[in-house]
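Going down the list, the sequences are from chains A and B.
Under my numbering, the first residue of the first sequence carries the number 1, and numbering increases by one thereafter.
Under my numbering, the first residue of the second sequence carries the number 1, and numbering increases by one thereafter.
Hints were generated in silico from the structure; no laboratory data involved.
Errors might be hidden in some of the hints.
So the derived list for chain A, only partly shown, Cβ under 7 angstroms to chain B, looks like this [said to hold, decoys possible]:
no., residue
1, T11
2, G87
3, I88
4, S94
5, E202
6, R246
7, V247
Far from chain A, by Cβ distances over 10 angstroms, these chain B residues were calculated [what the hints assert, rightly or not]:
no., residue
8, Q93
9, D187
10, Q200
11, I220
12, T225
13, V250
C-beta atoms are modelled at their ideal positions from N, C-alpha and C, and glycine is treated no differently.
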Amino acid sequence: MSTHLVSDTRTLLGRSLRHILRSPDTIITTAITPIAMMLLFVYVFGAAIETGDGEYVNYLLPGILLMTIASGIAYTSYRLFLDLKGGIFERFLSMPIARSAALWGHVLTSLVANLMSVVLVVLVAVLMGFRSGAGVLAWLAVAGILVLFTLALTWLAVIAGLAAKSPDGAGGFAYPIIFLPFVSSAFVPTDGMPGPVRWFAENQPVTSIVDTLRSLFAEQPVGDDGWLALAWCTGLLVIAYGLATRVYRRRFA
Amino acid sequence: MERPATERQGAAAIHVAGVEKSFGDLQVLRGVDLDVAPGSIAALLGSNGAGKTTLIRILATLTRADAGTATVQGFDVATQPAEVRESFSLTGQFAAVDEILTGRENLVLVARLRHLPDPGAVADDLLARFSLTDAGGRRTATYSGGMRRRLDIAMSLIGDPPVIFLDEPTTGLDPQGRIEVWQAVRDLAASGTTVLLTTQYLDEAEELADRIAILHEGRIIVDGTLAELKQLLPPAKVEYVEKQPTLEEVFLALVGATPTDATDGTDATTDTAAGAEK
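Bound-form chain B, shown alone:
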């Protein structure tokens, strides 16, 4: 195999330059430029329909770009798709696990398709790493959302690809599930994997990413660290806002009762306290 370009000092694990893509008359990507450094977590932010998934699909060799170049680990997605597929793993927007198979069978399936020597051992190891050992023998249709997504990510790790694409990894998960996924992503980056994740949750990008790129109307309009992004706006300032009395306060003043004396006193206290904070 050819020597990957990333072995050169400072080369990007993911490199996107001038990528364009249209579906009929709809121009989804209008010249996207993006670089992701090896071993870092990059977040691609954008509202629904911004083209995040389209960009991931191009990088994952599932869709062809109309123009521009994209490389993963130095391999061109258009001319070296087979090498690219050896270099990354994709976790799609909807947890793509086989519902009829058990968790363990899902992992064995992927290990076989990646042509690894001992699929069973790979599966057992990942079940343990993702705290799914007990659930491994159950059909994934019975899993909770968080468990499915964990299994989904575990399936992506098989074969230790150097790059992982996570397309909206926490969409539709409850808070507990999100925290589980976040931890899994952090562990990945700590072990040297390059992660490109898309999200529409700003706090998720803030929580996880080394660099954040904002995709808007088909272009990357900003790309930088969280601190750099924050500098784009004027520094934090203190504002004085005139506080209007609420109807509740007016009512209480008129009837002469204090909030604590009121029958629903606890509610009233929290409401006024919350109001005062604003």
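Isolated chain A (complex conformation):
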């Protein structure tokens, strides 16, 4: 059966990608809120925010990218939920396919769709003055971290999609994640925050990931933040994947 895992995943990935191509608005709506945030913070609040040297948009972009991914994965839950509800998921599972391919198709679709949204946001940021002297390796590292972050959140989205009772429930779980960057170093430095908030902001995953991306863009050494970011993403990915697989097995024994 596992011999078909790759070909079945490719078939189902092709199917979901076709869905996205036929409603590209999901890519755009994923990118719209983060772009609006970016405009708001750069042109309205930016002047009042003290982040040291350099353009505020350079400071802001890493957090905005994480926000983009957090809002994009809601569509993965939603699409999975619709497949389950409509009965086509059971049709797939009743066929001689590799069973995990039904999930992997959605997971890889999420990766492709989110990367498209991320590219869109980066292009807008460039128009707004974002500049980076980062080399190919640094950009690859940025891409690698974003891919890992997307996969980790996508498997969380799979759990939500499998467990949801309504389409709103399927997408709603993403909201807290979308707002997590606000209580981090994504928009303002954590120095000015009151004690407990600052403690939370400095120890939640977004800060280490944002700081890593920022250092990579600014051609600065990444330091311990890089390992911490990697550990957060990998840890989250492993746990989310494990839980999703369990929920899946329990539902379709």
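We have chain A already, so just place chain B on it with the hints.
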């Protein structure tokens, strides 16, 4: 692959023995026994919530039974699910087609997932067989209920599985759609496919099935041909029923008009005629 048990003389294509299933405290199946002969159409009758869909889901390896055994083409659903999935196809209660894809893309998708060599040719052949060639390039969201169900059944035929489960294939269809589906089911059986269908429409079972099983409160309470089932009740008898005059007849008698003379005469005639037949 192992030699399927059905190749032995007289073995059942679908064999269910003592299957039980509970959801929490709710005991849905309480020991179901059922055999379906190869190439026949069996109808599983039962009211809503009788457990028909649960039984189909167990046979389709989507749910595990708590107790008992079930085999499809001789393969055990619990221990040989992969072989079972090679042997059957499921058409669910709600036409499970992809609405965003076209009819042809739906068929190609299933053909790919069944790992067939030429998915495009398989799709075109089925579109022709189910009179969907013209609609093949349109998204299925634009299809009528009957067309969707036909496409749904066409998707089930890909790979020529020897057994097909149809879970309430005509629920929600208009009369024309029902007739289309019935014809498709008859064609299937004629080509040697074993069909197990669930339905809550008694006339559908009467119309299609070689054997009818009635699932009630978690057990098969009757299983036989239509003729055998009819013998369970006393033979047809002639009854004389006193016919009370309707208010309409009283009215017409009093005013002295005959139904044909009345202004709404046609209605009156049909009503009395219908009443007289009873």
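Status of each hint after checking the structure:
1. T11: 4 angstroms, holds
2. G87: 4 angstroms, holds
3. I88: I88 (chain A) check passes; min Cβ-Cβ to chain B is 5 angstroms, inside 7 angstroms.
4. S94: 4 angstroms, holds
5. E202: Cβ of E202 (chain A) sits 44 angstroms from chain B, so the hint is violated.
6. R246: 16 angstroms, violated
7. V247: Not OK, violated: V247 (chain A) not within 7 angstroms of chain B, min 16 angstroms.
8. Q93: Not fine: 7 angstroms to the nearest Cβ puts Q93 (chain B) too close to chain A.
9. D187: 21 angstroms, holds
10. Q200: Given a closest Cβ separation of 18 angstroms, the condition holds.
11. I220: 23 angstroms, holds
12. T225: 29 angstroms, holds
13. V250: Its Cβ never comes within 10 angstroms of chain A, the nearest being 55 angstroms, so this holds.
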